[in-house]
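Trainee: Sequence lines, in order, name chains A and B.
Quick note: the first sequence, position 9, residue 24 per my numbering, numbers continuous.
Quick note: the second sequence, position 66, residue 75 per my numbering, numbers continuous.
Note that these hints are calculated values from the structure, not bench results.
Each hint should be verified, as a subset may be incorrect.
[Unchecked claim] A partial selection of chain A residues facing chain B, derived with a Cβ cut-off under 7 Å: (1) Trp22; (2) Gly58; (3) Leu59; (4) Leu62; (5) Gly102; (6) Thr115; (7) Ile116; (8) Tyr117; (9) Glu120; (10) Gly121.
Here the structure is a predicted model, which is why all the values come from computation and not from measurement.
Ideal Cβ positions, reconstructed from N, Cα and C, are used throughout, including at glycine.
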Amino acid sequence: SQTIHQWPATLVQPVGSPLSLECTVEGTSNPNLYWYRQAAGRGLQLLFYSVGIGQISSEVPQNLSASRPQDRQFILSSKKLLLSDSGFYLCAWSAALGNTIYFGEGSWLTVV
Amino acid sequence: DAKTTQPPSMDCAEGRAANLPCNHSTISGNEYVYWYRQIHSQGPQYIIHGLKNNETNEMASLIITEDRKSSTLILPHATLRDTAVYYCIVRSRNSGNTPLVFGKGTRLSVIA
Chain A
16 SQTIHQWPAT
26 LVQPVGSPLS
36 LECTVEGTSN
46 PNLYWYRQAA
56 GRGLQLLFYS
66 VGIGQISSEV
76 PQNLSASRPQ
86 DRQFILSSKK
96 LLLSDSGFYL
106 CAWSAALGNT
116 IYFGEGSWLT
126 VV
Chain B
10 DAKTTQPPSM
20 DCAEGRAANL
30 PCNHSTISGN
40 EYVYWYRQIH
50 SQGPQYIIHG
60 LKNNETNEMA
70 SLIITEDRKS
80 STLILPHATL
90 RDTAVYYCIV
100 RSRNSGNTPL
110 VFGKGTRLSV
120 IA
């Protein structure tokens, strides 16, 4: 069966510091990968999605970037965090665009 | 994707069936009805989806009206662990890069 892992689960970072969240999927090949963010009390916002290695699409302009160095690895990064980057970050995967999307457990980021 | 309307909150007694309604009167012919839930501080969990026939799996049943303008998610024997926000989403399987759009959902509280 397929599983998705993301880490770290929680982190507190100062403003201006870098960020790296990692996500890996097991049990499938060539998944579509997604990064979502959920700000406190708000809905999920799609940040990035990827249909293959090195292929990244950005949904909203922001202080973040994403990379897919391997087939089942998706990384969310920032060079300098802002207070507004605080939130709950979720990695997700699907077998194909438009198919059922499965989410990881999420990473809580607090920028102070 | 078509929009959905759900009640903001519902209560259900433990052991009873929880029936969560969803209105999607503008759904189009190629759009599926998806249900997810999000337990506090966790990633959204896929529950079930359907097109026009009723569906059942180990978690829940999905009843879709004949005109497809509304549906009901049924948790047959609710437990305290079913307390969560439940999201009804309509989405085409050919939606390409269209993000999964979560509304505000229904906050289900299962009461002992």
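Trainee: Would you mind marking each hint as holding or not holding in the structure?
Mentor: Right, here's what the structure says about each hint:
1. Trp22: violated, 13 Å
2. Gly58: At about 5 Å, which falls below the 7 Å cut-off, the nearest Cβ of chain B leaves the hint on Gly58 (chain A) intact, so it holds.
3. Leu59: Cβ of Leu59 (chain A) sits 5 Å from chain B, so the hint holds.
4. Leu62: violated, 9 Å
5. Gly102: violated, 12 Å
6. Thr115: At 6 Å from the nearest chain B Cβ, Thr115 (chain A) passes the 7 Å test, so the hint holds.
7. Ile116: Holds. Min distance 5 Å.
8. Tyr117: Since the shortest Cβ distance to chain B is 6 Å, the answer is holds.
9. Glu120: holds, 5 Å
10. Gly121: holds, 5 Å
Going through the hint list in order, the structure does not satisfy hints 1, 4, 5.
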